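Listed below are the residues making up each chain.
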Amino acid sequence: MTKKTRKFRDISNFNLQQNENEYYLLPFKFHRLNNDKEIIVNEVGDYLTLPNGTVEKIIKREINKIKDTDLYGDLISNFFISEEVISPLIDVLATRYRTKKLFLNYFTGLHIFVISLRCEHTCHYCQVSRVTQNKDLYDMSLLNIDKGIDIMFKSPNPHITMEFQGGEALLAFDNIKYAVEKAEKIAQEKGKILSKVICTNLALINEDILEYCKEHDILISTSLDGPKFIHDKNRNKPNASSYDLAINGINLSREKLGFENVSALMTTTKLSLDYPTEIVDEYFNLGFKGIFIRNISPYGFALRSDKSKYETEKFLDFYKKALHRVLDYNFKGHFFTEDLARIFLSKILTPFNVGFVDLQSPAGLINGVIVFNYDGSVYATDESRMLAEQKDYTFKLGTLDDDYDDLFFGEKSQEITEIWANEGLNGCSECAFQQYCGADPVHNYATQGNMYGHRPTSDFCQKNMEIIRYLLELMENNEDIKKIFQGWVKVRS
Amino acid sequence: MYKKNEIIDGEVIVYADSKLYSKDSLFKCMYWYGGKFHTNISMYDKSTYRISIKPVNDIEYNSEKLKQLLFQLERDLIDFNLRDIVTKETQNLRDLLVAKAFSNGEFDENPPGEISDPIGFIP
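Which chain is which? The protein sequence lines are L and V, in order. Per numbering that gives the first Met the number 0, the very first residue in the first sequence carries number 0; after that it's consecutive. Per numbering that gives the first Met the number 0, the very first residue in the second sequence carries number 0; after that it's consecutive.
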């Protein structure tokens, strides 16, 4: 008797005679990419683009193993169909599914400390209300910092990120120093990896602060909306140019901390919409390795100001122009990325997910991020505390005096978790882009009045679906762009 | 009973055989029209659904645009019916897949075949 092995077998071992309906469907979803092509996506995000009408043939069992050898092979090998009721490789598929949801393994990593609500800027789109006086009322107290750190280290996540936000965080730099030193000591005792980030407009940065940041491995994250005429218009600083201060700060920070330890984020305002090329050029010329094209968040002053409001379609048009400008640099041989595309592409082209809290399912709030506000309140996300500044406390989980379990697993958290997975939401449940997208109950609430949301009128849905569709279409139509995109998601050491 | 799809007074009406189209697929399809259209699903007769949509802002819809809308609705109804077939046919597998993915190995099975040991690692 020949011993059975798992080596590749000779073709004579395989049954090539197949009746029309002799295969079984595996779970997949489909979407029309354009007038000619449709895309099928399986449960782990693998996709195939096919001529229109192919899905109907697959479902009607009209794909023949002999006549449609290539397609049949692709469908089998990419887990869209199986020759047995339960695919013998279901455990492989399950492992890949688990890998896609790996972010659930570690629970909350990002802990935002709103160290002060005070700010010396008066940006028209600012997501938080700004106050400039009364340090005692608008700075986080040392007692609350202690409580926040205590809760932070109860997270089972071995890698904790402590992010200081404002207002302008550097207005309370002494409190940051206190928090950093205390957290570092506890991290060492508990054997946790601790990352620290200060989000700042850089107006107050100086050599002493940067020396401290260097000594304590603190990263700097700043805002840069584009060239001077855009940045200064968006980010008003009385009697000074916010742009000049930001550029000087970026240069000084890079000099002291190193290029890679200083990042910048832009926000798209109505003014920005006419200048996609100039904004991308600004980031490239400043030596950044990428740009994150972000639409404005529908919170705080952004909703009240006509200078900020625009339609999603206009943003998408702006986004595509900016993306092509980014691609132009890549065609010239530079590595320069658009980071929203990069997040989607990582989900589309790799077996992994991305730790980006706005695009996760289950949503990134609570299990990815938590916010400790200056006044001791605890919120599910950064956006939740911005709603609170408008006196809407829907996403307030409790206060720093509450127990860890009550905050993270209490009634409010449970209410949110009922609608935080796009797999179970109307409109998302059968969407082909489900695995690439996420659920955002806070955004739904802020823009549509309820956490569940209504996908046909959701700007979140409209934006993400079109960007994902567009990225897939670009890759389908242009092999060079596909290679560039593949380069963006390769792990770089 | 067969009834031809039609456009009457700015309302696009599609008739669907209930033996071919699932009720779930009709509602899932209509959901996406709810943002810009008044939608309605009813029974035309015992075995035929009557699905209708009417633009909320009908000034934007001339007769040509309404014809395109009819074409799009017909296509979307088929798409959602196909999606519904896949969903229902693969529901158990999907449940099994998620259960296995989040299990601690209790649902794992050994892969078929035997692992050969040509080098002799197994003592």
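Hints are computed from structural coordinates only; laboratory data are not their basis. Keep in mind it's a predicted model, so treat the numbers as computed, not measured. We treat Cβ as the ideally placed atom computed from N, Cα and C, and that holds for glycine. Among the clues, some could well be false.
Unchecked claim - Anything over 10 Å on all C-beta distances counts as not near chain V; from chain L, calculated:
id	residue
1	Ile89
2	Asp280
3	Lys320
4	Asn329
Stated by the list, open to error - Between beta-carbon pairs, the in silico distance windows are:
id	chain 1	residue 1	chain 2	residue 2	range
5	L	Glu83	V	Pro117	22 to 30 Å
6	V	Tyr43	L	Glu61	28 to 36 Å
7	V	Val55	L	Glu183	27 to 35 Å
Hint by hint, here is what the structure shows:
With a closest Cβ-Cβ approach of about 7 Å to chain V, Ile89/L is found to fall inside the 10 Å limit, against its non-interface label. Separation of Asp280/L from chain V is adequate, the least Cβ-Cβ distance of about 37 Å exceeding the 10 Å criterion. Separation of Lys320/L from chain V is adequate, the least Cβ-Cβ distance of about 26 Å exceeding the 10 Å criterion. Listed as a non-interface residue, Asn329/L keeps its Cβ farther than 10 Å from every Cβ of chain V; the least gap is roughly 35 Å.
A hinted range of 22 to 30 Å holds for the C-beta pair Glu83/L and Pro117/V, which are about 28 Å apart. Between Tyr43/V and Glu61/L the C-beta distance comes to about 30 Å, which sits within the given range of 28 to 36 Å. Between Val55/V and Glu183/L the beta carbon distance is about 58 Å. The supplied range of 27 to 35 Å is therefore violated.
Comparing the model with each numbered hint stated earlier shows that hints 1, 7 do not hold.
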